[in-house]
Amino acid sequence: MSLKLQIRITRQILDELKKSIQELYLSDYIPWVVGYSGGKDSTATLQLVWTAIADLSPEKRSQKEIHVISTDTLVEQPIVAAWVNRSLTLMKVAATQQKMPIKVHRLTPDVHNSYWVNLIGRGYPVPRQGFRWCTSRLKIDPSNKFIRNMVKKYGETILVLGTRKSESSARAATMAKYETKRTRQVLSPNGSLQNSWVFSPIEDWSSDDVWLYLMQVNNPWGISNKDLMSMYREASSDNECPLVVDNTTPSCGNSRFGCWVCTLVSQDKSMEAMIQNDEEKIWMTPMLEFRNEIGKLDENGKIDDHSFRDFRRMDGSIKLYESREGTIPGPYTKEYREYLLRRLLEVEKQVQALMPSYIGEFQLVTLDELREIRRIWVEEKFEFDDAVPRIYSEVTGRVWPENTILSNFGQEEWSILTEITEGDSIEREMCSSLLMLTEKHTLLNRKKNIIDDIEHFIRKCYYADVEDALEYKKQQTNLRNGSSEHIARRLK
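In short: position in the sequence shown from 1, add 348, done, that's my numbering.
Be aware that one or more of the hints could be misleading.
[Unchecked claim] In silico BS3-like links for lysine-lysine, alpha-carbon gap of 27 Å or less:
| # | residue 1 | residue 2 |
| --- | --- | --- |
| 1 | Lys440 | Lys513 |
| 2 | Lys500 | Lys513 |
| 3 | Lys682 | Lys650 |
| 4 | Lys574 | Lys447 |
| 5 | Lys697 | Lys667 |
| 6 | Lys513 | Lys650 |
| 7 | Lys667 | Lys629 |
| 8 | Lys493 | Lys451 |
| 9 | Lys500 | Lys487 |
| 10 | Lys821 | Lys667 |
| 11 | Lys501 | Lys513 |
| 12 | Lys650 | Lys822 |
| 13 | Lys574 | Lys366 |
| 14 | Lys644 | Lys487 |
| 15 | Lys821 | Lys788 |
| 16 | Lys513 | Lys447 |
| 17 | Lys493 | Lys412 |
| 18 | Lys729 | Lys682 |
The set of hints was computed from the structure by calculation and includes no laboratory data.
Note that the coordinates shown come from a computational prediction; the quantities given were computed from them, not determined experimentally.
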C-alpha cells in the first residue's frame with residue numbers, strides 16, 4: 349500500500365491565515381479569549397494568533413486585549429500540568445518583553461465543585477458514561493464563568509479555539525452546524541454562551557498539519573515544540589510519532605492527555621505508556637494503581653463499586669432497577685469515603701517522595717479541598733466524629749493545621765453512639781442526624797422547618813438494610829400497580 353501525503357500547510361496558506369487573523373483582530377474592539385490546554389492544537393492556535401498580532405505595529409497591536417485561559421481541573425496528568433504551568437509562566441514573561449496585549453489566566457474549579465470534594469466529600473461514585481458529573485464541574489464551568497464575566501464587561505467576546513473537524517465525526521458535525529450561522533465568514537455562534545463567537549483558525553487542519561507547523565515555526569513564548577512532541581511520543585504505546593502517514597496509521601496527535609483519575613475510559617493508556625517508555629516517570633505508578641483501583645471493572649465491563657455504595661440515593665429515597673431485582677445504589681458509604689481519603693493521602697505521600705524536582709510543588713489534594721470535605725462530613729452528613737483531621741495526621745504525621753470546631757459533639761460522643769446502637773450504621777446515622785439537627789436549630793434559635801427536617805431523616809433511616817428497603821419498595825410498587833388496575837377496571 350502506498351503512502352498518501354496528508355500535509356496541506358504551505359507558506360502561502362500560513363500567510364493568508366495570518367492576514368485573516370490580523371483583519372479580524374483589527375475589525376472591532378471585542379476582546380479575544382484563547383483557550384490553551386498545553387496540547388498540540390491549542391499550542392498551534394495560540395502560536396498563530398501570537399505571531400500574527402506580533403507583526404502588527406505597536407499602535408494597532410494595542411487595540412484590544414487577548415486573554416489566554418487555561419483550566420486546571422486539579423486532577424490533571426502531572427507531567428502535562430507541569431508543562432502547562434511552565435508554559436503559562438513563560439507566556440507572562442514573553443508578553444511583557446514583547447509588548448504583546450496578552451493576559452494569562454489559570455482557571456480552577458470552585459472548591460465545592462472539585463473532584464475530591466464530590467467524590468470523597470459528598471460520596472459521588474466515580475464518573476462513568478451514565479453519570480458523567482465531572483466534565484462540567486471541573487472543565488466547562490470555570491471557563492464559562494470567565495467568558496460570561498467578559499461578556500458582562502464588554503458586551504461580546506470572541507473565543508479562539510483549536511478545534512479541528514478531523515478530530516472526530518461528531519466534532520465535524522457540530523462545527524458544520526454552526527458554520528451555517530456564521531458572521532464575517534469566520535465567526536460561528538457559541539452554542540452555549542450568548543454574545544460570544546467562536547473563531548477556529550485550524551479547523552481544516554489535519555493532525556499532521558499541526559505537527560509540521562509546530563516543528564517548522566519557533567514558539568514565540570519560548571517553550572520547545574520539540575519537547576511537546578516528545579511528550580506526545582512518550583504517551584504512545586509504541587513510543588512512535590509519525591508525521592506523514594496513510595489513513596491506517598495514527599498520528600502522534602492521537603495520544604490523549606486528561607485527568608489522571610479519569611474512569612470514563614477503561615484504562616489510562618497515555619499514563620501507562622509514559623511509565624513504560626521512561627523509567628524516570630515510574631514515580632507516577634502509585635497514581636496509576638489508585639486510578640485502576642477506583643475504576644476497577646467487573647466481568648461485564650461495568651465499574652465494580654456497588655458494594656461500597658449506600659442502597660439509598662443521596663436524598664434517602666429508594667429506586668429500583670427496571671427488573672426490580674435490586675436497588676439502584678447511591679453515594680459511597682462513610683467507611684469507603686474514609687478509606688478513599690486515606691488512600692489518596694498515602695498515594696500523595698508516596699509520589700512526593702519519588703517525583704523529580706522539576707515537577708515543582710505538587711499536591712494531589714489541596715488543603716482547601718480537605719477543609720470542604722471535613723465540613724461536608726460534619727455539617728451535611730452529620731458525621732461528628734470528625735474523621736478528616738485524624739486521618740490526615742495518621743497518614744502525614746503532621747497535626748491538622750487548624751483548631752476550628754465544627755460541632756459540640758466529637759469522637760467521644762460518636763463512640764458512645766456506636767456502642768448504644770450496637771454498631772448498626774443506619775440507626776447510628778439517624779441518631780447522629782437528630783442530635784446535629786437539634787444542635788443546629790438551637791444554635792440558630794430557629795424552630796422553623798425542624799419538624800420537616802426530623803421527619804426527612806427518620807424516613808431516610810426507616811429501613812433496616814437493603815433487603816428491607818427492596819421488599820418495602822416492591823410492596824409500594826405492587827400497591828400502586830394494583831390501584832391503577834382497579835381504577836382501570838372500574839372505568840371500563
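Hint compliance check: list the failing hint numbers for this structure, sorted ascending. 1, 2, 5, 6, 7, 11, 15, 16
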